[in-house]
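Asks: Let the hints inform the model, and build the full structure from the sequences given.
These are the residues of each chain, in order.
Protein chains: 2
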Amino acid sequence: MSVFVGVDGGGTRTRAVVIDAEGRELARAEDEGAVVTAHRPDDAVEAVRRAVGAALEKSGGRRQAEVLWAGLAGAGTAAPRAAVTRALRGLDLAERLIVGTDVEAAFYSAFAGGPGLLVIVGTGSIVWARNEDGAERRVGGWGRTLGDEGSGYWIGLEGLRRLTRSADGRAEPTTMEGPLLQACGIHAVDEAVGWVETATKSQIASLAPHVVACADEGDDAATSVVAEAVEHLEVMVRTAGEVGGDVVLWGGLVAPGGPLRGRVSEAVGSLGLRVVAEEVDPPLGAARLARAARGG
Amino acid sequence: MSVFVGVDGGGTRTRAVVIDAEGRELARAEDEGAVVTAHRPDDAVEAVRRAVGAALEKSGGRRQAEVLWAGLAGAGTAAPRAAVTRALRGLDLAERLIVGTDVEAAFYSAFAGGPGLLVIVGTGSIVWARNEDGAERRVGGWGRTLGDEGSGYWIGLEGLRRLTRSADGRAEPTTMEGPLLQACGIHAVDEAVGWVETATKSQIASLAPHVVACADEGDDAATSVVAEAVEHLEVMVRTAGEVGGDVVLWGGLVAPGGPLRGRVSEAVGSLGLRVVAEEVDPPLGAARLARAARGG
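Listed in order, the protein sequences are those of chains A and B.
In terms of this note's numbering, the first sequence opens at residue 477 and continues consecutively.
In terms of this note's numbering, the second sequence opens at residue 477 and continues consecutively.
No lab work stands behind these hints: they were computed from the structure.
A virtual CB, placed ideally from N, CA and C, is assigned to each residue, including glycine.
Any given hint could be a false lead.
As the list claims (entries may be wrong) - To give an idea of the interface, some chain B residues facing chain A are shown, with a C-beta separation under 10 Å as derived from the structure: (1) 515; (2) 633; (3) 645; (4) 666; (5) 669.
Replies: Next comes the structure, spelled out in structure tokens:
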């Protein structure tokens with residue numbers, strides 16, 4: 477019996493799902509995360525090897541799938557994608573290998589090949605849209621230094637920046653100071669300069685809920701950071717939304733229960749688009765992409 | 477005969493100047509740059525040792541000064557300053573050692589202990605002010621991740637960010653694309669994501685003159701980046717300028733002939749402050765601080 481494997485690999489973890497020819501889930505496994513780079517594809521390849529190997533083993537002692545669809549963070553540009561594809565091909569995990577991005581896998585999970593608009597706001601941010609004709613459009617997702625506007629990383633950093641401006645007299649005091657310093661484990665704004673140099677992207681993003689909480693309580697600086705974040709996301713959705721379709725909000729900040737879900741839903745609604753509450757399961761989406769590619 | 481040594485140490489280079497009791501310059505030497513951190517003070521200490529050693533040697537084979545005033549980037553906060561002071565003390569370069577920042581040394585060079593307002597806009601940005609009573613005030617200078625608003629680093633990064641927004645449809649095309657991609661040595665905006673992760677702070681700052689040139693030629697995106705930069709700097713000067721005094725503009729972007737000098741001078745003038753064209757020689761300023769501290 478042929479099986480199909482999907483992989484969702486990002487900075488936090490790598491997950492693999494095995495499904496059968498009828499699309500039924502047979503097994504699932506998880507390993508460490510790794511973002512693909514052109515210079516160092518090995519970490520990501522190794523994580524994929526372990527996750528896929530474990531999932532195939534669980535699905536009945538298999539060693540190979542018919543198709544492996546690997547959705548990997550960082551594989552959106554040509555050079556890293558080529559490097560990781562070459563290395564994965566050498567592992568013989570499947571008769572056929574397709575490398576795409578984690579975002580494409582998430583999108584397929586949300587819209588099953590149909591049109592739609594996926595807004596991901598977690599540590600990073602990106603909007604991915606697909607129209608009735610299959611034309612796709614990406615807005616944002618340029619990484620933490622150049623892009624990821626409105627993301628948890630962006631909001632956390634803007635929160636800290638407001639503290640520095642308040643500390644040197646450029647801005648009024650803000651109620652963010654207590655919660656943010658405590659979350660960073662430091663005692664003074666001065667220490668934030670050193671903290672931020674060694675903090676991970678996720679650690680900085682973990683400050684975002686505190687910023688949103690201060691905005692909810694009426695703090696001016698926090699309110700302006702959150703308003704700017706939502707404005708960035710609204711521009712991204714409007715740009716991608718020219719292709720139309722329903723909108724799924726996904727990622728820690730905007731998934732159901734997320735601290736920015738209400739504000740971003742409202743912004744999306746103001747653009748005349750409709751938010752639908754689809755489940756998003758990227759490794760399952762990738763497995764379905766693998767199955768859809770059989771015999772192709 | 478007693479001599480006094482001043483040091484100006486930053487990311488690019490470490491310079492030492494030896495003066496005599498009458499304030500006459502006897503010798504000058506230069507070494508590699510190093511920014512002081514609490515975890516690794518050694519690089520900066522080694523650079524100071526070599527630069528001071530060479531300058532003392534040149535000044536007539538001396539081994540020790542009466543006072544050494546070391547103005548070091550990164551020594552503005554307590555922990556790094558304590559670490560580097562301890563390590564420098566062990567070298568016995570002077571009977572008396574004072575550690576301050578590169579900005580304090582530059583300020584003393586510009587205003588000779590009097591009141592004034594020093595605006596530094598190079599790779600980073602900071603405003604340092606001192607009033608008639610000697611009270612000092614720092615605005616900005618929180619480092620590249622949290623601060624340095626309006627600096628070369630900030631302008632370069634904003635220029636690249638505009639390219640990404642133009643590339644994914646959020647903004648109109650900009651004439652910055654050609655010059656910035658060429659300056660980065662890359663062929664497509666996609667590659668900027670990888671470029672920026674490995675670029676140095678100075679490499680990113682070196683993009684700023686291209687952004688200003690595009691603004692001068694009327695490009696909308698470049699014009700808005702430059703206007704935002706000047707606005708940030710104006711807020712910094714206004715905040716520090718509450719103490720009053722003349723203004724010296726220093727650093728690659730605003731020193732005489734610098735691409736932002738005209739715009740920033742105008743912004744400073746609009747605040748009712750006067751720009752004066754003092755020479756700024758930070759290691760000499762540090763040496764004069766050393767001399768001023770004799771017998772103290």
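Asks: Against this structure, judge whether each hint is valid.
Replies: Do the hints match the structure? See the list:
no. : hint : in the structure
1   : 515  : holds, 9 Å
2   : 633  : holds, 7 Å
3   : 645  : holds, 5 Å
4   : 666  : holds, 5 Å
5   : 669  : holds, 5 Å
Consistency with the previously given hints is maintained throughout, with no hint failing.
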